[in-house]
Every structure is written in C-alpha cells, then in structure tokens.
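Residues per chain, in single letters:
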Amino acid sequence: MSGKIDVLIIGAGPAGVAAGIGARREGAENVVVLERDWDLGGILQQCIHPGFGLRTFKEELTGPEYMHRFIKQAHEEGVEFRTNTMVFQIDRDTNTVWTMNKERGIEALNPSSIVLTMGCRERPLGAIRIPGGRPSGIYTAGTAQRFVNMEGYMPGKRAVILGSGDIGLIMARRMIWEGATVEGVYEVMSWPGGLRRNIAQCLDDYGIPFHLRTTVTKIHGQDRLEGVTVAEVDDKMTPIPGTERYVECDTLLLAIGLIPENELSRMAGVDIHPVTGGPVVNDLLQTTNPAIFAAGNVVIVYDLVDNVSDEGLIAGANAAKFALGKIPSTAKRIPVKGGENVRLYSPQFVTGKTDSIIFMRVTHPIEKACKVFATADGEEIYSQRLRYARPGEMNEVKIKADKVQNVNSITIDIQPV
Amino acid sequence: MNYDIVIIGSGITGASIARELSKYKLNIAVIDKASELPAGASRANSSMIHGGFDDKPGTMKAKFCVPGNKLWHKLKDVLDVHLDECGSYVCAFNDDEVKHLELLLEQGKTNGSPGVEIISGDKLREKEPNVSPDIVAALWSPEAGIINNFEAVNAMIESAQINGVKLFLETVATGLLLDDNGNVRGVSTTKGDFIAPVVINAGGVHAGEIASWAGDKSFKIIPTKGEYFLLDRSTKGFIHSFLFACPSKAGKGITVLQTAEGNLMSGPTATEQLDPEDRSTTPEGLAEVLKGARKLVPNFPVNMNITTFAGVRANTESGDFEIRTLKNPRGFVNAAGIKSPGFTSAPAIAEYVAGLVKEELADRVTLTPNDKFIPERHNIPRFLYLDMAERKKLAEKDPSYAQIVCRCETVTEGQVIEAIRRGARTVTAVKMMTRAGTGRCQGGFCCPRVAEILSRELGIPLEEVTRHGGESKLLVGKTKEFLLKKGAEA
Numbered sequence: 005m006s007g008k009i010d011v012l013i014i015g016a017g018p019a020g021v022a023a024g025i026g027a028r029r030e031g032a033e034n035v036v037v038l039e040r041d042w043d044l045g046g047i048l049q050q051c052i053h054p055g056f057g058l059r060t061f062k063e064e065l066t067g068p069e070y071m072h073r074f075i076k077q078a079h080e081e082g083v084e085f086r087t088n089t090m091v092f093q094i095d096r097d098t099n100t101v102w103t104m105n106k107e108r109g110i111e112a113l114n115p116s117s118i119v120l121t122m123g124c125r126e127r128p129l130g131a132i133r134i135p136g137g138r139p140s141g142i143y144t145a146g147t148a149q150r151f152v153n154m155e156g157y158m159p160g161k162r163a164v165i166l167g168s169g170d171i172g173l174i175m176a177r178r179m180i181w182e183g184a185t186v187e188g189v190y191e192v193m194s195w196p197g198g199l200r201r202n203i204a205q206c207l208d209d210y211g212i213p214f215h216l217r218t219t220v221t222k223i224h225g226q227d228r229l230e231g232v233t234v235a236e237v238d239d240k241m242t243p244i245p246g247t248e249r250y251v252e253c254d255t256l257l258l259a260i261g262l263i264p265e266n267e268l269s270r271m272a273g274v275d276i277h278p279v280t281g282g283p284v285v286n287d288l289l290q291t292t293n294p295a296i297f298a299a300g301n302v303v304i305v306y307d308l309v310d311n312v313s314d315e316g317l318i319a320g321a322n323a324a325k326f327a328l329g330k331i332p333s334t335a336k337r338i339p340v341k342g343g344e345n346v347r348l349y350s351p352q353f354v355t356g357k358t359d360s361i362i363f364m365r366v367t368h369p370i371e372k373a374c375k376v377f378a379t380a381d382g383e384e385i386y387s388q389r390l391r392y393a394r395p396g397e398m399n400e401v402k403i404k405a406d407k408v409q410n411v412n413s414i415t416i417d418i419q420p421v
Numbered sequence: 011m012n013y014d015i016v017i018i019g020s021g022i023t024g025a026s027i028a029r030e031l032s033k034y035k036l037n038i039a040v041i042d043k044a045s046e047l048p049a050g051a052s053r054a055n056s057s058m059i060h061g062g063f064d065d066k067p068g069t070m071k072a073k074f075c076v077p078g079n080k081l082w083h084k085l086k087d088v089l090d091v092h093l094d095e096c097g098s099y100v101c102a103f104n105d106d107e108v109k110h111l112e113l114l115l116e117q118g119k120t121n122g123s124p125g126v127e128i129i130s131g132d133k134l135r136e137k138e139p140n141v142s143p144d145i146v147a148a149l150w151s152p153e154a155g156i157i158n159n160f161e162a163v164n165a166m167i168e169s170a171q172i173n174g175v176k177l178f179l180e181t182v183a184t185g186l187l188l189d190d191n192g193n194v195r196g197v198s199t200t201k202g203d204f205i206a207p208v209v210i211n212a213g214g215v216h217a218g219e220i221a222s223w224a225g226d227k228s229f230k231i232i233p234t235k236g237e238y239f240l241l242d243r244s245t246k247g248f249i250h251s252f253l254f255a256c257p258s259k260a261g262k263g264i265t266v267l268q269t270a271e272g273n274l275m276s277g278p279t280a281t282e283q284l285d286p287e288d289r290s291t292t293p294e295g296l297a298e299v300l301k302g303a304r305k306l307v308p309n310f311p312v313n314m315n316i317t318t319f320a321g322v323r324a325n326t327e328s329g330d331f332e333i334r335t336l337k338n339p340r341g342f343v344n345a346a347g348i349k350s351p352g353f354t355s356a357p358a359i360a361e362y363v364a365g366l367v368k369e370e371l372a373d374r375v376t377l378t379p380n381d382k383f384i385p386e387r388h389n390i391p392r393f394l395y396l397d398m399a400e401r402k403k404l405a406e407k408d409p410s411y412a413q414i415v416c417r418c419e420t421v422t423e424g425q426v427i428e429a430i431r432r433g434a435r436t437v438t439a440v441k442m443m444t445r446a447g448t449g450r451c452q453g454g455f456c457c458p459r460v461a462e463i464l465s466r467e468l469g470i471p472l473e474e475v476t477r478h479g480g481e482s483k484l485l486v487g488k489t490k491e492f493l494l495k496k497g498a499e500a
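Line order of the protein sequences matches chains S and B. Position one of the first sequence corresponds to residue 5 (my numbering), numbered consecutively onward. Position one of the second sequence corresponds to residue 11 (my numbering), numbered consecutively onward.
If you're looking for bench data, these hints aren't it; they were derived computationally from the structure. Take the hints with a grain of salt, since some may be wrong.
[Said to hold, decoys possible] The following label-pair restraints were derived from C-beta to C-beta distances:
{"id": "1", "chain 1": "B", "residue 1": "D288", "chain 2": "S", "residue 2": "V251", "range": "14 to 22 Å"}
{"id": "2", "chain 1": "B", "residue 1": "S328", "chain 2": "S", "residue 2": "V251", "range": "40 to 48 Å"}
{"id": "3", "chain 1": "S", "residue 1": "P54", "chain 2": "B", "residue 2": "K496", "range": "21 to 29 Å"}
{"id": "4", "chain 1": "S", "residue 1": "T87", "chain 2": "B", "residue 2": "K496", "range": "32 to 40 Å"}
{"id": "5", "chain 1": "S", "residue 1": "P332", "chain 2": "B", "residue 2": "K490", "range": "53 to 61 Å"}
[What the hints assert, rightly or not] With a Cα cut of at most 27 Å, we get these calculated DSS-like pairs of lysine-lysine:
{"id": "6", "chain 1": "S", "residue 1": "K161", "chain 2": "B", "residue 2": "K490"}
{"id": "7", "chain 1": "S", "residue 1": "K222", "chain 2": "B", "residue 2": "K301"}
{"id": "8", "chain 1": "B", "residue 1": "K305", "chain 2": "S", "residue 2": "K240"}
{"id": "9", "chain 1": "S", "residue 1": "K8", "chain 2": "B", "residue 2": "K402"}
{"id": "10", "chain 1": "B", "residue 1": "K407", "chain 2": "S", "residue 2": "K106"}
{"id": "11", "chain 1": "B", "residue 1": "K227", "chain 2": "B", "residue 2": "K368"}
{"id": "12", "chain 1": "B", "residue 1": "K402", "chain 2": "S", "residue 2": "K106"}
{"id": "13", "chain 1": "B", "residue 1": "K495", "chain 2": "S", "residue 2": "K161"}
{"id": "14", "chain 1": "S", "residue 1": "K106", "chain 2": "B", "residue 2": "K403"}
{"id": "15", "chain 1": "B", "residue 1": "K301", "chain 2": "S", "residue 2": "K240"}
{"id": "16", "chain 1": "B", "residue 1": "K488", "chain 2": "S", "residue 2": "K161"}
{"id": "17", "chain 1": "S", "residue 1": "K8", "chain 2": "B", "residue 2": "K403"}
{"id": "18", "chain 1": "B", "residue 1": "K496", "chain 2": "S", "residue 2": "K161"}
{"id": "19", "chain 1": "B", "residue 1": "K301", "chain 2": "B", "residue 2": "K262"}
{"id": "20", "chain 1": "S", "residue 1": "K336", "chain 2": "S", "residue 2": "K357"}
{"id": "21", "chain 1": "B", "residue 1": "K73", "chain 2": "B", "residue 2": "K262"}
Glycine residues also receive a C-beta, built at the ideal position from the N, C-alpha and C atoms.
Whenever a hint applies, use it, and build me the whole structure from the sequences.
So, in structure tokens, the structure goes:
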C-alpha cells in the first residue's frame, strides 16, 4: 500500500483493530494501524482467561480468541498493520505522527485523520506512596501477568494483592493455578474495584481471603520483599492504629487502578478531561482537534471489551468520514453534565447528529433498585431501571438524536427509586 | 591483586578521587559493595550544585564548595553530564529570616560565591509564579545548579576507567591489611585481598567504621535519613530552579526543586538513625516533606507524585568534612563525612586528596603525570534529547536505537545495550545509566523488557536477573518447573 494515509490508528488493541475495521467499512482507502508490540491485540494477548465477548459473540472467549476474530475481520477488510512500530511524537498544528521501527527507521506520517487507541496503563506504587523499603518482588498485576502468561516465569511464590481491580483478581487465581500461595486481596475502599463475577470466580472459588477497608501500610525488605504490614482504614481511608498486622510474602501485586495513556494526546494538543484522564470527546468520538478521534480505554477505562470494540468501530468510521470530507467542522456541542452520583463519564459533548451512548461510572454503590436517566434542559429523555449500580461496573445512557435537537445541555445520573 | 592505591567506595567522592588520580601513572582499584552506581547517598540526594554561601568560612565545606561548583560548570561538558545552571533561592518569610539572608550574603561574599544578591519576594514571584505569596525576600545564587546525579557518578567513574582505573562492584571491604611496621598493606574484601600501600576511605555512611580499622576514632558518622517526593516530568516548569527555606538549626530544611530532567522534587528530612542501610520511607517523614514543600510552593502538585525514596547521608559530629591522611598507620587517607555540599565539593575534594597523596605519602606512591590522560567522556546517546536528524542518523547506523524500551523516558534498546556494554548488570544499573524506569510508570512497562535484554546480552537465564544485585531476583523460576517441583514435594 502506498500513497497518503487516510486514517492512521495508534495502537492495535481491541479499540484500534475495531477502528481499522470501522474506517475501511466507511470507505477510507488507506487505513494503517500502528502497534509498538511485536504482535497485535494489546493487553488481550496476555488475558488468556475466558470471559470475553459474551455480548458481541454470544459466547465466552479468551482474550486472544476474542482478538483473533477482530484481527481476521480487519485483514479481510484490507487494514494495514505495522507492528514493532512506536509513535514517539505527534506535532500539533500539522498532526505529523513520528514513528520508529527497526526496519523502517524513523518516519514522519501525515494522515488525513488520526484515531488514538493507546489504551491505559496501571497505576504504579509511587501513586499511593506506601512507606518502607524498595525491594524486588513488587509488580503491577499486569506486569506479573505478562511474566506468567507471555514469558512463562513466576514472579514469586507467596503473594499479597493490593487493590481489587479486575487484573488483580484474575492474577490471584492465576498465581494459585501456578502453585503459588495468595495471602489475600486488600482493598482500601468499602467495595470491590472489579467485577462481582471476578470476585466470585477468582477469589471465592479458591478460598482467597478478601479484605475490604484494609490497605498495605508498610513494605518490608531491602533486596527481595519479605512481607507487608496491612491495616484497616477508617472512613477517611486513614489506617486505624492497633489494627496493623504483618503478612509474610515475597510478592506484592498492585491492582490499584488504571490510567488512560495520553502522552501522545497531550503532544497532539487535544484537551484532556481532568476526571477521566482521557481526551474530551463528542459522540462522534472526535477530540477537540477535529482531525483526531479517540476510542477505548485511552478515553475512559471500560469494564467490558465489547464496549471498547464498539467504540473503536464508531471512532474509525467517523475518522474515515472526516478524511473523506463528510464531517462538517461546525458541529453543535451540547454539553453533557454528570449528576450527584456520577464519578466519570464519556463523551462529554453530543452533536445531535447520531444516536449515542454515554458510558458512566457511579461514585457510590447503590445496592437496591435504582434508575439511570438523562434529562435535557430539565426534561427526562431517557430512563432505565437497574437492580443495582456499582463503581466497578459501567452503566450506559442511550441518547436519541431526535430528543436533543434544540436543547442546551444534558444531565445524566443514577438514583435509587 | 597488587595496586598503588585502593579506593573504598565509588560514590561521587570515591569516583572523583579515582578520576583525579588517573591523571597520574598509577594502578588504581575502586571497590564498592553495590551492584550498580550510584548506590548510597550519591544516588538519593537533592542533586544540588550549591552556590557556596551556606558554609561557615574556615570550614572544609567552605573551602571546597565554591571551587567544586566552578569545576562542575566545566566538567558538565567534559564529562557530558546534564547540569541545569538554574540558580537557587533561599526564601525568607519574615524579618528575622531576612536578617539571616543578609548573613548568608556576607558569608557568600567571604566564600567567593559569585553574584549572590538579595531580591524581593515580588521579584522572586516574577521568575517563579508558583512560590508562596508570603515570601518577603530571597537570596539569589546564580551559580547554583542542579545536576543529574545518576549520570554524574557514572560519568566520573567511566572517565576514571577510560584512564585505567579498575572498578570492582559487589566487593565489600571487610578489613584493613597492615604490614610488619603497622603501615597500610591493603584491604581485605569479600572478593579477596587488594594489596596497595595507599588506601583511601570514601566509604560514605560506613567511613567511620572503615576509619576505625585504622585505629582512627577521631570522628563518628551519624547516619541521617532524608526522604523525598519525586513528581511526574509533566510538572516541568512548575518551578524552574532550586528553592530553599531559610536554614534552621536542623539543617537546610525541606527544599523544592526541578531536577535536571524536569521532575518536580521535594525533600529531604533529616532523621538521625543507627542503621546506615535503612533507606525506608516513613509516614512521618513524608508528611514532613509535604508540609515543607507546601510552605514554599502552596500548590505543590503532590497528586503527580511518581515515587518516594530516602537516602542516608554521612553526617558527622563536627558538622564538617573529615579529610586527612593518618600519621599512623601510614598510607591511610580519610575522605569522610562527605554530606551536603558533598556532591558539589567532590571534584575539589578530589584535587585536594590527590595533593595530600602527592605531598604527604610520597614515600609510598610516586605521582608521575599520565600524559595519555583523556579528560573527555561521552554519555550514552540520549534519544529523548536528540533532534530528529540526529535520531534518524543514529537509527540508521544502529537499528536498536529505533526500538523504544522505556516509553515514559523514551529510552531505546540501543541505549540499554550500550549501558550493558559499559558495565550494567542489573535492572537498576540500566536505570541509573539510561533513566529507563525513572518515569511515571516506574518500570511497570520497561522492567520486563530491560530484564530480557540483560538476559540476552549477558547470556544468563532470565530468572538470574536481579533488580539491584544480591537476593533481589525479579523472578523465582519458570512456571511449569515451579508447579512440577511443588507437585514432587507434595
């Protein structure tokens, strides 16, 4: 393939591969997906457990199986992939994308439109400032997962897991399967960070103790980790004196949150939302730079990969439309506001051009019947009853284009009924 | 193993002395217990090149600080080291503190610190808009700077190695060897005896113990912990220089600075402790740093923190450096008690120590100038800082420079391979020499990749790769082997 790139997609995880498919289906000629790893699939390559694709394919697939189906489609659609290719710079104003690859060297690409699909990364230890030593044996759960599932090595024999994000829960079970001991999962909040089904299938089924309102307060060891001190916390998340307990372990896995990875987005000059940590987007998944679109965990951290793929398809299609001159630059921007119990949501604007879905997470769990709803200038335009609402699981608000044609703003929220 | 001189410790002091002495035709060994450099206080400090106004005239600190500062401004180019020549401010919050600034100003003039002056709080805020509105005046020291201390120590010891010095890591000195006359014969270590008529003690927090082997009890090291916050590099420009609070009896106090690489940083505390190796951070210490940081910079963006760490510095009871040769045993030199402004002073201390060896130990070693001395040393190419044409050239010449290993700091595989070629053997050594793993994900992404490259380049199994030597292995074995072994045990 030669000539000008119409749509350039950065990152070949679930969002990027779907964006490639979406762009080609919309009629873009040259669609290129860049991937810094040697293979396609992003983090799903190392997610060898089942549980993916229940909604999209109506069956339970492993991460690599799920990705394989999309990658196959992308090849059939004529999407070009460049692996081992890292984007290290995007120039604002010109939207020039600088890439490097061992065979191709350093190249400057000038596509008609760009889709950001870089995904997210794990919060490191430094983000939570645990006092103590700095021995080996402390890993983010995802790094440990790469070692075990991709490289075939064990990071340790006796693990403590801090945080109850999904990767931490999955890794707790994985460590048991590989013959290690898991001393427990410790979560500072009063509710789990990950999906309930993972608590059941990864912890409860294996008798792994799960401690809410408890955190690690000290790291012991200079060379290799020797143990951690854990303590219960009060309502302000401050450790309660007298509840400290020493737990012997040689491994501490961190599952303390995910952060959208937006170094390149910042270089490109798109607005970043202070709460989601991802680009501000409208319902076309267009950022504040009209030629740049974004989808998946780079925008907001999703709970299910099906949603990431769906958003990738939409972003890719709209990036193709932009490249083909089919998106007018003067789109309306109707702001979306989050109500009292909304922690984060995306998109933050809708254009009213298409029906759209706003994804959101609640701040506090509601363990009884409730409703997720949207109002436009005070009038209810969407309402859906739920059995519960939990911070670990996303909720959706569906907005019909015809309901927002003459409105000034939209508010979304979840409240008990 | 026979040498002319053995230097114990390869922190900035030992490394600078080694380089200085490599200007002479000498057979020199430097030993250090660490697996990578810098390790002790030279790794975990404020990375400050001080202006020289803070030290009481007449002290050794005052004697070496200003000359050391001047040497670093030259060495930064010779040794290819990042030195941000940003200047420093001492901030006063009230009239009493302004009086203290005047004292420091006088002291600075006496010490020969160039260009020091007192400016108003408003003038300071013109340059540094994020400092406290309560600061009424500041002492400006234009010659102060902030160095990349990881680079500086490695540059110094590499330059010494280029000129023939032998470096022995993971080598712990265990005692002093004396000859029949009771004079220095060498050092015993965990890797065998190092025989030499001259031994230089640059042992940092352990220098007191090492001196006691020579029967020297004239000073005592008080290990003093300093804790720090290090923030994401995207905080670059929040402040542009080095901010001190007005010093108190407890020391120079909590400072706020922008590192040579652009990270916002704050620290240190000053907590005396018995254990020279305890570098753990504490809730109390970190709270104290945060309080101090917010006093100077009220909106100190602590939510951008990427790591906290602690260093242990070698304070002395005298409060001054302890640098001298011993009369008995002959051949023993102390370069001890080197704490702030130790990093600044190191090149000047090195010249002084070389002079001591030349004048006072002429009967033991002869210092003949080495006319083949090469002053320059080139850093591993820093991809992040190269312009696009240089990057392209580098990648064409060696494709491994077109492969990113550390995405936060844009470190390429080529840099990692070059660090290994220059002696890196651990993940932390690669970090010290290339900055891979110093960024916002703190090695989450690059640690497995660096470990793989170490394994491949050194021809060792991945499970043998360590974080920082000793028992700090990253992995405990292969998955299935581990499971089978467990099955067999059961």
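Hint check:
no., hint, verdict
1, B:D288 x S:V251: 14 to 22 Å, "holds (21 Å)"
2, B:S328 x S:V251: 40 to 48 Å, "holds (44 Å)"
3, S:P54 x B:K496: 21 to 29 Å, "holds (25 Å)"
4, S:T87 x B:K496: 32 to 40 Å, "holds (37 Å)"
5, S:P332 x B:K490: 53 to 61 Å, "holds (58 Å)"
6, S:K161 x B:K490, "holds (13 Å)"
7, S:K222 x B:K301, "holds (21 Å)"
8, B:K305 x S:K240, "holds (24 Å)"
9, S:K8 x B:K402, "holds (22 Å)"
10, B:K407 x S:K106, "holds (11 Å)"
11, B:K227 x B:K368, "holds (25 Å)"
12, B:K402 x S:K106, "holds (11 Å)"
13, B:K495 x S:K161, "holds (12 Å)"
14, S:K106 x B:K403, "holds (13 Å)"
15, B:K301 x S:K240, "holds (19 Å)"
16, B:K488 x S:K161, "holds (11 Å)"
17, S:K8 x B:K403, "holds (25 Å)"
18, B:K496 x S:K161, "holds (11 Å)"
19, B:K301 x B:K262, "holds (15 Å)"
20, S:K336 x S:K357, "holds (9 Å)"
21, B:K73 x B:K262, "holds (19 Å)"
Every hint, counting from the list given before, is met by this structure.
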